[in-house]
Structures are given as structure tokens and as C-alpha cells.
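Taking the hints into account, I'd like the entire structure generated from these sequences.
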Amino acid sequence: MSKAKWLVAALVPGLKRQPLKKIDADAPALLKLLQHWRDEAGRAGHTVQRIAVAYEAAGDGFWLARWLRAHGIEAYAIHPSRPIASIPSF
Numbered sequence: 149m150s151k152a153k154w155l156v157a158a159l160v161p162g163l164k165r166q167p168l169k170k171i172d173a174d175a176p177a178l179l180k181l182l183q184h185w186r187d188e189a190g191r192a193g194h195t196v197q198r199i200a201v202a203y204e205a206a207g208d209g210f211w212l213a214r215w216l217r218a219h220g221i222e223a224y225a226i227h228p229s230r231p232i233a234s235i236p237s238f
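If you count the sequence shown from 1, you need to add 148 to reach my numbering.
Worth flagging that the hints you see were computed from the coordinates, not collected in a lab.
We treat Cβ as the ideally placed atom computed from N, Cα and C, and that holds for glycine.
Among these hints, one or two may not hold up.
[Unchecked claim] In silico lysine to any residue, SDA-like type, Cα no more than 25 Å apart, as pairs:
{"#": "1", "residue 1": "K153", "residue 2": "Q166"}
{"#": "2", "residue 1": "K169", "residue 2": "A213"}
{"#": "3", "residue 1": "K170", "residue 2": "V156"}
{"#": "4", "residue 1": "K170", "residue 2": "A225"}
{"#": "5", "residue 1": "K151", "residue 2": "P167"}
{"#": "6", "residue 1": "K151", "residue 2": "G190"}
{"#": "7", "residue 1": "K164", "residue 2": "A206"}
{"#": "8", "residue 1": "K169", "residue 2": "V201"}
{"#": "9", "residue 1": "K153", "residue 2": "H227"}
{"#": "10", "residue 1": "K164", "residue 2": "A189"}
{"#": "11", "residue 1": "K164", "residue 2": "K151"}
{"#": "12", "residue 1": "K151", "residue 2": "A218"}
{"#": "13", "residue 1": "K164", "residue 2": "V196"}
{"#": "14", "residue 1": "K151", "residue 2": "A175"}
{"#": "15", "residue 1": "K153", "residue 2": "A192"}
[Said to hold, decoys possible] Beta-carbon label-pair distances, calculated as ranges:
{"#": "16", "residue 1": "P161", "residue 2": "G207", "range": "14 to 24 Å"}
{"#": "17", "residue 1": "W211", "residue 2": "K164", "range": "30 to 40 Å"}
{"#": "18", "residue 1": "A177", "residue 2": "A206", "range": "31 to 41 Å"}
{"#": "19", "residue 1": "D187", "residue 2": "P228", "range": "24 to 34 Å"}
{"#": "20", "residue 1": "S229", "residue 2": "A200", "range": "13 to 23 Å"}
{"#": "21", "residue 1": "P167", "residue 2": "H219", "range": "16 to 26 Å"}
{"#": "22", "residue 1": "I226", "residue 2": "K180", "range": "22 to 32 Å"}
Structural data, given as C-alpha cells:
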């Protein structure tokens, strides 16, 4: 999770395109973007019952999941995995 910019992608019901947006690393801006996409789905005739977010987070990146959950967003912070080359083969 970058401290400067976040690249946010979505699957939005009713939209043929798959939105992709680069935003400043700012939780309120992310929430606003998610709400905007929910509203776009509504205008396309689809009601969004839940919003789920998943992202790779290390170190201090887990705060965002707690913040999003406090704002009604289902959030999953995924710990970065080891590089494939370092995984032992069996």
C-alpha cells in the first residue's frame, strides 16, 4: 500500500466498463470514490447492498481496513506473500 497514491479498481453492477482510478493516498477520498461508484450503479438500475474492498497491506497498512469497516465498508487487508522464488517446493 503506497503512502502517496492508490490505484483503485472496481466491478460495478450495471457498468460495462471496469472503473480504474488513481487517487491520493487518502481514506476519505477512497470512501468518496466508492460511494460515487455505488451511485453510478444506482443510476444504472442496480442497488448495491454491500461494498467490499481488498488490498495488500504491510506494516502500518492495516489501519485502513479498520477505518473502512467503521464507515460500513467490508474490508480485507491481505498480508503480502513471500516472493514465489522463496517458497520451498515439495
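These are the hints, each one checked on the structure:
1. Between the alpha carbons of K153 and Q166 the distance comes to roughly 19 Å, so the proposed pair stays at or under 25 Å and holds.
2. Our distance criterion of 25 Å between C-alpha atoms is met by K169 and A213, whose separation comes to about 19 Å.
3. Taking the CA atoms of K170 and V156, the gap is near 6 Å; set against the 25 Å cutoff, the hint holds.
4. Distance hint between K170 and A225 is fulfilled; the C-alpha atoms sit about 19 Å from each other, no more than 25 Å.
5. Proposed proximity of K151 and P167 is supported: the alpha carbons are some 22 Å apart, at most 25 Å.
6. At roughly 31 Å between alpha-carbon atoms, K151 and G190 are farther apart than 25 Å, so this suggested pair is violated.
7. Under the criterion of a C-alpha separation no larger than 25 Å, the hint pairing K164 with A206 is inconsistent with the structure, at around 33 Å.
8. At roughly 14 Å between alpha-carbon atoms, K169 and V201 fall within 25 Å of each other, so this suggested pair holds.
9. A hinted pair counts as satisfied when its Cα atoms are at most 25 Å apart, and K153 with H227 qualifies at roughly 19 Å.
10. Straight-line distance between C-alpha atoms of K164 and A189 comes to about 11 Å, which keeps the hinted pair within the 25 Å bound.
11. Restraint check: the Cα-Cα separation between K164 and K151 comes to about 31 Å, which exceeds 25 Å; the hinted pair is violated.
12. Of the pairs offered as hints, the one joining K151 and A218 holds, with about 21 Å between alpha carbons and a cut-off of 25 Å not exceeded.
13. A C-alpha spacing of about 16 Å is found between K164 and V196, which places the hinted pair at or below 25 Å, so the restraint holds.
14. For the hint linking K151 to A175, the alpha-carbon distance of about 11 Å falls within 25 Å, and the restraint holds.
15. This hinted pair does not check out: K153 and A192 have alpha carbons roughly 29 Å apart, beyond 25 Å.
16. About 34 Å separates the C-beta atoms of P161 and G207, a value inconsistent with the hinted range of 14 to 24 Å.
17. Checked against the hint of 30 to 40 Å, the C-beta distance between W211 and K164 comes to roughly 35 Å, which is consistent with it.
18. For the pair A177 and A206, the beta carbons lie near 21 Å from each other, so the given range of 31 to 41 Å is not met.
19. Between D187 and P228 the C-beta distance comes to about 32 Å, which sits within the given range of 24 to 34 Å.
20. One distance hint, 13 to 23 Å for the beta-carbon pair S229 and A200, holds here, with the actual separation near 20 Å.
21. Between P167 and H219 the C-beta distance comes to about 19 Å, which sits within the given range of 16 to 26 Å.
22. As the Cβ distance of I226 to K180 is approximately 23 Å, the hint placing it in 22 to 32 Å holds.
Taken one by one, the earlier hints fail for this structure at numbers 6, 7, 11, 15, 16, 18, listed in ascending order.
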